[in-house]
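Take the given structure of chain A and dock chain B to it, following the hints.
Those sequence lines, one after another, are chains A and B. Residue numbering for the first sequence is 709 to 1024, as defined by the working numbering. Residue numbering for the second sequence is 709 to 1024, as defined by the working numbering.
In case anyone wonders, no lab produced these hints; they're calculated from the structure. Do not take every clue at face value.
It does not matter which identical chain is used: a pair holds within one copy or between any two.
Claimed, not checked - Think about it this way: if two alpha-carbon atoms lie no more than 20 Å apart in a straight line, the pair counts; the simulated EDC-like pairs of lysine to aspartate or glutamate are:
hint: 1; residue 1: Lys-1000; residue 2: Asp-836
hint: 2; residue 1: Lys-809; residue 2: Asp-919
hint: 3; residue 1: Lys-988; residue 2: Glu-881
hint: 4; residue 1: Lys-910; residue 2: Glu-761
hint: 5; residue 1: Lys-910; residue 2: Asp-936
hint: 6; residue 1: Lys-838; residue 2: Asp-864
hint: 7; residue 1: Lys-1000; residue 2: Asp-864
hint: 8; residue 1: Lys-858; residue 2: Asp-964
hint: 9; residue 1: Lys-747; residue 2: Asp-936
hint: 10; residue 1: Lys-838; residue 2: Asp-856
hint: 11; residue 1: Lys-907; residue 2: Asp-836
hint: 12; residue 1: Lys-838; residue 2: Glu-761
2 protein chains.
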Amino acid sequence: MSQQIAIGMDIGGTHVRVGAFDSGGKLIAQSDASIASLKPDSGLSLIERLLHELLESLNSPALLGIGIGCTGPLDTVRGLINNPYTLKGWSNVPIVERLNKTFNVPVRLENDADAAALGEYWQGAGRDAKRLYAVTVGTGVGTSLIVDGKIYRGVDGSHPEGGHQLIDPNGPECYCGHRGCWESLISGLAISSHAQSTKNNKHLIVLAGGDPNRLDSRLVAEAARTGDPTAVQIMQKAARDFSLGIVNIISFFVPDVIVLSGGVMKSADLFLPTLKQTLKTPNPMVPFDRVKILPAQLGYYAGMYGGAYIILNEVT
Amino acid sequence: MSQQIAIGMDIGGTHVRVGAFDSGGKLIAQSDASIASLKPDSGLSLIERLLHELLESLNSPALLGIGIGCTGPLDTVRGLINNPYTLKGWSNVPIVERLNKTFNVPVRLENDADAAALGEYWQGAGRDAKRLYAVTVGTGVGTSLIVDGKIYRGVDGSHPEGGHQLIDPNGPECYCGHRGCWESLISGLAISSHAQSTKNNKHLIVLAGGDPNRLDSRLVAEAARTGDPTAVQIMQKAARDFSLGIVNIISFFVPDVIVLSGGVMKSADLFLPTLKQTLKTPNPMVPFDRVKILPAQLGYYAGMYGGAYIILNEVT
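So here's chain A without its partners, still in its complex pose (with noise of 0.2 Å):
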């Protein structure tokens, strides 16, 4: 009999990372390409033809199903993508009808954090966590929670905004229709918007090749390192306004680990600090102090291995 694997699968605005799964978990083959630009039915095609080869490169095994995560807006329950924010024209993009009539197996679809926390709770940071939640601060704000291995789910199958949580009633406008959510305040988008309309930003304008537009997050976290005083200031501005957005998850859900992971993370070390000396506040009653706070581990990878262990989960 052919070995049995179950595909996993990322869909970000950019890039597609497919990986093959043995039925214990290991992952034994991946390939990834760029989908940025293409439209729904070449960017269907791409994933069809880098599925094909990866299973050809495995000798045609036995396929279990296909497990996706997604950028979203999605509709999971009819496998709709439907997300032409960062996926242009990509609008009830039948995706799971699609590769299930290609490949004849099961495909799901789920929200790109429910997967990636997924990932991170089967071989990743939140490793068999009762309860995870997970916290991607990217170009957005992503969250997810995940108990006992399942995605908690809201009204209709929806998935809660995390990131989009009211923190400051005087805070930036967000798209969101309100002010002041946690993603208008600490995502990389808010930070670089915040370093390119401040005062006193000349000298990150330099460091940004003299264009404000290539002011971005990653160069305001660089020049903080460096002691510049206005990135110092905003960076301190995010780190607390991230501490507080962290003490709401604790005080709403308590749960055994928080893992940390996206763009604006990779400067953790800027934000860690005032999160820990925010969280030293004693509570009389919520145990802050249990609360595990820990860096993703799967990094890019996380969304495809939560694609593959629904799959697993589900037919093994």
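Below, chain B alone, put in the same frame as chain A:
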């Protein structure tokens, strides 16, 4: 065979309420007494007496167990009341062990917010809601999440405290150690303390019989209804902050139902218009319009119902 009954009990800072429920969940007898300023031993004796009398009035039915909702902090795992804050002197009181010995049946102890939420899930406003989030705004702000009829718990069985979510970094200091938590802004104490310290409160103090200390949230709400501008301003601020906290609960949980209870929510008419307006903001990601927001139906008896539900759910 004699009738089988479950006892539900609610222990608050001033009153204890006990109810006898038949195995079909019908409340068949109830009783209550003041425990204000009673020390633990006298309090426990009073509770035992109440229970004995209740059982005798029912011709000594077969007792299935006793489920208690109690004002916290508690150690629900070890069955201890540990609340010297609102039950003076009640530190490490082994109520579960004591009632278990006296009545020789299973005894369960839960946080009062959790027990009340279970009661509303069972026979109240949130009947059979897959995800019920309960918010009690009284002297403080208590919250509880019930998923599929079970209490959501944090690390080590801890009880999350959504009432201490942070929503305004410039808000008042709270005993939780942080500034601008929900409770510090919208609780009965917060509203009365705002009224006592604000400018232009002379008319309000007259309404309180000239004694600022008697200016409580109920008086402020009444004055707001008659159009007193200071009271209107205070209640409008509380309604805005209330709405921000509800937005966060929806963003984090997207529950099927949010059940509102507690003394301050008796003035729900002053909160709900602002809340409705706030929730109308179109949100591209979370289905705010699918979350029902309902007043509690069981009032002071919700915890008693919840206690009985725990027992009936466990032993029948």
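Of all the hints numbered above, which does this structure not satisfy? Sort the numbers upward.
The structure breaks hints 2, 4, 9, 11 and 12; every other hint is satisfied.
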